[in-house]
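Based on the provided sequences and hints, a complete structural model is requested.
Number of protein chains: 2
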Amino acid sequence: MKRINVGIIGLGTVGGGVVRMLKQHHDAYMRDQDIDLNLVAVASREPEEAKELGVTDIFTMDGNDVINHPDVDIVIELVGGVTFAKDFVFDAINKGKHVITANKALISACGNELMKLAGEKGVEIAFETSVGGGIPIIGPLRHSLAGNQIQSVVGIVNGTTNYMLTRMSEDSMEYSAALKEAQDNGFAEFNPSADVEGHDAAAKIAILATIAFNTDIRIEQVPVEGITKITPIDLDIAREMGYTIKLLAIANRTPDGIDIRVHPTMLPVKHQLSNVTGVYNAIYVTGDYVGETMFFGEGAGSGAAASSVVGDLIEVARHMAFREQITQPVWDTEKLPIRPIDVLETSYYLRLPVTDRPGVLAATAQVFAEHQVSIYSMVQHGAQDGKAELIYVTHKAKESAIQATIAGLKDLEDVLAGDPVLIRIEN
Amino acid sequence: MKRINVGIIGLGTVGGGVVRMLKQHHDAYMRDQDIDLNLVAVASREPEEAKELGVTDIFTMDGNDVINHPDVDIVIELVGGVTFAKDFVFDAINKGKHVITANKALISACGNELMKLAGEKGVEIAFETSVGGGIPIIGPLRHSLAGNQIQSVVGIVNGTTNYMLTRMSEDSMEYSAALKEAQDNGFAEFNPSADVEGHDAAAKIAILATIAFNTDIRIEQVPVEGITKITPIDLDIAREMGYTIKLLAIANRTPDGIDIRVHPTMLPVKHQLSNVTGVYNAIYVTGDYVGETMFFGEGAGSGAAASSVVGDLIEVARHMAFREQITQPVWDTEKLPIRPIDVLETSYYLRLPVTDRPGVLAATAQVFAEHQVSIYSMVQHGAQDGKAELIYVTHKAKESAIQATIAGLKDLEDVLAGDPVLIRIEN
Numbered sequence: 001m002k003r004i005n006v007g008i009i010g011l012g013t014v015g016g017g018v019v020r021m022l023k024q025h026h027d028a029y030m031r032d033q034d035i036d037l038n039l040v041a042v043a044s045r046e047p048e049e050a051k052e053l054g055v056t057d058i059f060t061m062d063g064n065d066v067i068n069h070p071d072v073d074i075v076i077e078l079v080g081g082v083t084f085a086k087d088f089v090f091d092a093i094n095k096g097k098h099v100i101t102a103n104k105a106l107i108s109a110c111g112n113e114l115m116k117l118a119g120e121k122g123v124e125i126a127f128e129t130s131v132g133g134g135i136p137i138i139g140p141l142r143h144s145l146a147g148n149q150i151q152s153v154v155g156i157v158n159g160t161t162n163y164m165l166t167r168m169s170e171d172s173m174e175y176s177a178a179l180k181e182a183q184d185n186g187f188a189e190f191n192p193s194a195d196v197e198g199h200d201a202a203a204k205i206a207i208l209a210t211i212a213f214n215t216d217i218r219i220e221q222v223p224v225e226g227i228t229k230i231t232p233i234d235l236d237i238a239r240e241m242g243y244t245i246k247l248l249a250i251a252n253r254t255p256d257g258i259d260i261r262v263h264p265t266m267l268p269v270k271h272q273l274s275n276v277t278g279v280y281n282a283i284y285v286t287g288d289y290v291g292e293t294m295f296f297g298e299g300a301g302s303g304a305a306a307s308s309v310v311g312d313l314i315e316v317a318r319h320m321a322f323r324e325q326i327t328q329p330v331w332d333t334e335k336l337p338i339r340p341i342d343v344l345e346t347s348y349y350l351r352l353p354v355t356d357r358p359g360v361l362a363a364t365a366q367v368f369a370e371h372q373v374s375i376y377s378m379v380q381h382g383a384q385d386g387k388a389e390l391i392y393v394t395h396k397a398k399e400s401a402i403q404a405t406i407a408g409l410k411d412l413e414d415v416l417a418g419d420p421v422l423i424r425i426e427n
Numbered sequence: 428m429k430r431i432n433v434g435i436i437g438l439g440t441v442g443g444g445v446v447r448m449l450k451q452h453h454d455a456y457m458r459d460q461d462i463d464l465n466l467v468a469v470a471s472r473e474p475e476e477a478k479e480l481g482v483t484d485i486f487t488m489d490g491n492d493v494i495n496h497p498d499v500d501i502v503i504e505l506v507g508g509v510t511f512a513k514d515f516v517f518d519a520i521n522k523g524k525h526v527i528t529a530n531k532a533l534i535s536a537c538g539n540e541l542m543k544l545a546g547e548k549g550v551e552i553a554f555e556t557s558v559g560g561g562i563p564i565i566g567p568l569r570h571s572l573a574g575n576q577i578q579s580v581v582g583i584v585n586g587t588t589n590y591m592l593t594r595m596s597e598d599s600m601e602y603s604a605a606l607k608e609a610q611d612n613g614f615a616e617f618n619p620s621a622d623v624e625g626h627d628a629a630a631k632i633a634i635l636a637t638i639a640f641n642t643d644i645r646i647e648q649v650p651v652e653g654i655t656k657i658t659p660i661d662l663d664i665a666r667e668m669g670y671t672i673k674l675l676a677i678a679n680r681t682p683d684g685i686d687i688r689v690h691p692t693m694l695p696v697k698h699q700l701s702n703v704t705g706v707y708n709a710i711y712v713t714g715d716y717v718g719e720t721m722f723f724g725e726g727a728g729s730g731a732a733a734s735s736v737v738g739d740l741i742e743v744a745r746h747m748a749f750r751e752q753i754t755q756p757v758w759d760t761e762k763l764p765i766r767p768i769d770v771l772e773t774s775y776y777l778r779l780p781v782t783d784r785p786g787v788l789a790a791t792a793q794v795f796a797e798h799q800v801s802i803y804s805m806v807q808h809g810a811q812d813g814k815a816e817l818i819y820v821t822h823k824a825k826e827s828a829i830q831a832t833i834a835g836l837k838d839l840e841d842v843l844a845g846d847p848v849l850i851r852i853e854n
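Here the protein sequences line up with chains A and B, keeping their order. For the first sequence, counting from 1, position 381 maps to 381 in our numbering; every step adds exactly one. Quick note: to get our numbering, add 427 to the position in the second sequence (first position is 1).
Hints are supplied without guarantee of correctness; some may be wrong.
[As the list claims (entries may be wrong)] Think about it this way: if two alpha-carbon atoms lie no more than 20 Å apart in a straight line, the pair counts; the simulated SDA-like pairs of lysine to any residue are: (1) A:K116 <-> B:I462; (2) B:K697 <-> A:T277; (3) A:K121 <-> B:F749; (4) A:K270 <-> B:D598; (5) A:K387 <-> A:A363; (6) A:K335 <-> B:H453; (7) A:K270 <-> B:S701; (8) A:K270 <-> B:T593; (9) A:K116 <-> B:D459; (10) B:K543 <-> A:D34; (11) A:K23 <-> A:S302; (12) B:K697 <-> A:N275; (13) B:K697 <-> A:V269; (14) A:K335 <-> A:Q221; (15) B:K543 <-> A:F322.
[To be verified] Sample of chain A residues facing chain B (criterion: CB under 10 Å; computed from the structure): (16) V18; (17) I138; (18) Q272; (19) S274; (20) Y284; (21) V285; (22) E292; (23) F295; (24) G297; (25) A304; (26) V310; (27) L313.
Note that these hints are calculated values from the structure, not bench results. Keep in mind the model is a prediction, meaning the values are calculated, not measured. Heads up, the beta-carbon is just placed ideally off N, CA and C, and yes, glycines get one too.
Right, dumping it as structure tokens:
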């Protein structure tokens, strides 16, 4: 049996789960996978974490010690972010070590450089955990679905916002109360901006789209809107219309390039993704032969993330143990352009705060008409204290036209300050 | 670039899809996967199929010609069944060819012998298509989820019966009408017994359980009940109770061994599997670290099945092209016992045809009491022409006790001939 030596940098939620899993199932991996996964070095800034996990004998406070450890074959990077973690990962690859990482920020910022360097050095870099926590999605895209031309990848890939939207929808909770509850339950950070403003989801869809479309896509190329402006009113109206509101990360192959974006979206209640509630994640993949598929599971948490890290670890270790050459992953072979969001055509929900005065409706309708945006339905909501909200649903219109309409509406005297709420509708 | 030569035996629905996919995407696989997948031989009993697909130049009517073709590296077996197909697969492996197959009957009948032989001969056998059509499930169980101790695998793995139950539920259609419609739409065979009696699902859960529990399990070890006795009445009552009825293929790890079975099951409407309607399939997998995951998609059809066959083909071809040794799959390393269904403990729904006469209810209740089966609720349904139906829902009881109860009920004078309808309830 081949012994494979493993080092871990980062012993937080995910790292702790990985240590526990490797200890608990070590003998099962020997029996089932014919490999002896041997933890030889762990690093953390918090010695307490090593003590709790019972790994003080192989503990160091410096991640470089793990990388430079002569016996370490595979480095597991669980620090996160693009400062220290980036250096650790590049250094490890440069030193000929295989790398497993959960770092979505790193992969979505410089995946292409990492893949090229790994190819030169003859090592593997695996990152199933970077998207969807415990959900197998990168593996299936790379393997079982590899024969398809992927048409679209649409995901609920941020558990924090999905939890908040679920609470706001099912219990008419306000945004701020839902956020506080998520924080109290450990589902949201003290500073929640990466989640609620959609940047976390943007990193993940950049990674999924890169793999699905064989085209290097970076997080900064993803137009992103978060859920901070959504209120229970929007969720109520959506329900009346037969829709849910989800923060979707969307990537479509179009004749004009890749359509990629993150924003709150109305989805028909019958759609499989509409049934994904709470902190769960799901990724909906459509391919030209396979048709529609969906992958559902826990998008975060110690156990789920550890499951994906160890899945990657077993695969890389088995490659080391049983094969002499490494298969390089598919990355950036197709090099498709990215389509600007301006040319998107869809239906829109628009909630507009106005003064409650005669003539307002006509004035706003005129702006829609000027920009050739056709209105499907309009209701006035909650008139009081001289204020009201106008809620429009449009027919299909161009993104550029709806944005021009919004700009025009904001110039009207009776439209109140603050951004109107715009939600794109998918059918 | 490495050229890999491929032969196909069977050009029906799936084989036709594979030929089309390989032709359409040949250049994409060269670009993305760095392999030249070259179709060099195809066999079918129907020369017309080869003509339609434009492959008459490499056509033969004898599958042995494909296996014996000196250039063929990988044989794709799409004949099905355990007669000719079995010989083709064993012969191909014996001749040192890799094999891709969609044959659930073959794998669930003699997977262990095939895996051992492939190991001896240093070739791979891949069979993602044998379960769930286009859904990636065997790959994820083998790779991304490989670090988990899998607790359960529960699936809707037969599209025909799921389509019928959906129609019966949503449109109060009778069993026979739903079957006819499924046949008219090409979702059911002229002889539908393998689907409606649950044997197709039994083969699939035997394969999934073998992989999930590292224990060789054969189709004949799976207790199976089909949907032939289900009526719209059962579906209506289930809905009133907050349940759907699905033909589930279930495999649980228990302290006493593997609990494996196929039968109609009541599931809470909120469960993810309850939302899987029509011909779609889904497999719900629970692991000790990953928690709950689900894999959803098209369980049959030319494109979906071809997607999985070609996914397997690309993987095996890349192993050939870029690695010198072959990793043998995990198979039967854990060797768990199978638990008899008698010790199952669950709640039951029982519909019993009786004569509509005073004292019947008391007599039946007495039988439940004798066998220590506690009744949660009872309703009488549709009394006319001197006949009625009693519908019981029990508290949790042992399978052996409910079977003894049914035997006792059938001995009562006022219980009418024919089997009562028993549906197990999962919560």
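Tested hints:
1. Distance hint between A:K116 and B:I462 is fulfilled; the C-alpha atoms sit about 19 Å from each other, no more than 20 Å.
2. About 11 Å separates the Cα atoms of B:K697 and A:T277, which keeps this hinted pair within 20 Å; it holds.
3. Between A:K121 and B:F749, the direct Cα distance comes to roughly 15 Å. Compliance with the 20 Å bound is thereby established for this hinted pair.
4. At roughly 17 Å between alpha-carbon atoms, A:K270 and B:D598 fall within 20 Å of each other, so this suggested pair holds.
5. Distance hint between A:K387 and A:A363 is fulfilled; the C-alpha atoms sit about 16 Å from each other, no more than 20 Å.
6. Note on A:K335 and B:H453: the hinted pairing holds, with a Cα-Cα distance of about 18 Å set against a maximum of 20 Å.
7. Taking the CA atoms of A:K270 and B:S701, the gap is about 12 Å. The hint holds against a cut of 20 Å.
8. Our distance criterion of 20 Å between C-alpha atoms is met by A:K270 and B:T593, whose separation comes to about 14 Å.
9. The suggested pairing of A:K116 with B:D459 holds, with an alpha-carbon distance near 15 Å, which does not exceed 20 Å.
10. A threshold of 20 Å between alpha carbons decides the hint, and for B:K543 with A:D34 the separation of about 15 Å falls inside it, so the pair holds.
11. Note on A:K23 and A:S302: the hinted pairing holds, with a Cα-Cα distance of about 15 Å set against a maximum of 20 Å.
12. The straight-line distance between the Cα atoms of B:K697 and A:N275 is roughly 8 Å, inside the 20 Å bound, and the hint therefore holds.
13. Among the hinted pairs, B:K697 with A:V269 is consistent with the structure: their alpha-carbon atoms are about 13 Å apart, no more than 20 Å.
14. Distance check on the hinted pair: A:K335 and A:Q221 sit about 14 Å apart at the alpha-carbon level, within 20 Å; holds.
15. Restraint check for B:K543 and A:F322: the C-alpha separation of about 17 Å stays at or below 20 Å, so the hint holds.
16. The interface hint given for A:V18 holds, since its Cβ lies 9 Å from the closest Cβ of chain B, which is under the 10 Å cut-off.
17. A cut of 10 Å between beta carbons decides the hint on A:I138: the least distance to chain B is about 8 Å, and the hint holds.
18. Interface hint at A:Q272: satisfied, since its Cβ lies 6 Å from the closest Cβ of chain B, which is below the 10 Å cut-off.
19. Restraint check, A:S274 versus chain B: the minimum CB separation of about 9 Å is within 10 Å; hint holds.
20. With its C-beta approaching chain B no nearer than about 9 Å, A:Y284 sits inside the 10 Å limit, and its interface hint holds.
21. Given hint, A:V285 at the interface with chain B, holds; its Cβ is 9 Å from that chain's nearest Cβ, closer than 10 Å.
22. The interface hint given for A:E292 is met, as the beta carbon of that residue sits about 6 Å from the closest beta carbon of chain B, less than 10 Å.
23. Nearest Cβ of chain B to the Cβ of A:F295: about 6 Å, under the 10 Å cut. The hint holds.
24. Of the supplied interface hints, the one on A:G297 holds, with its beta-carbon coming within about 4 Å of a beta-carbon of chain B, less than 10 Å.
25. Because the smallest distance between the Cβ of A:A304 and any Cβ of chain B comes to about 5 Å, under 10 Å, the interface hint for this residue holds.
26. For A:V310, the suggested interface contact is upheld, since its CB lies about 3 Å from the closest CB of chain B, less than 10 Å.
27. Nearest Cβ of chain B to the Cβ of A:L313: about 7 Å, under the 10 Å cut. The hint holds.
In the structure shown, no violation is registered for any of the earlier numbered hints.
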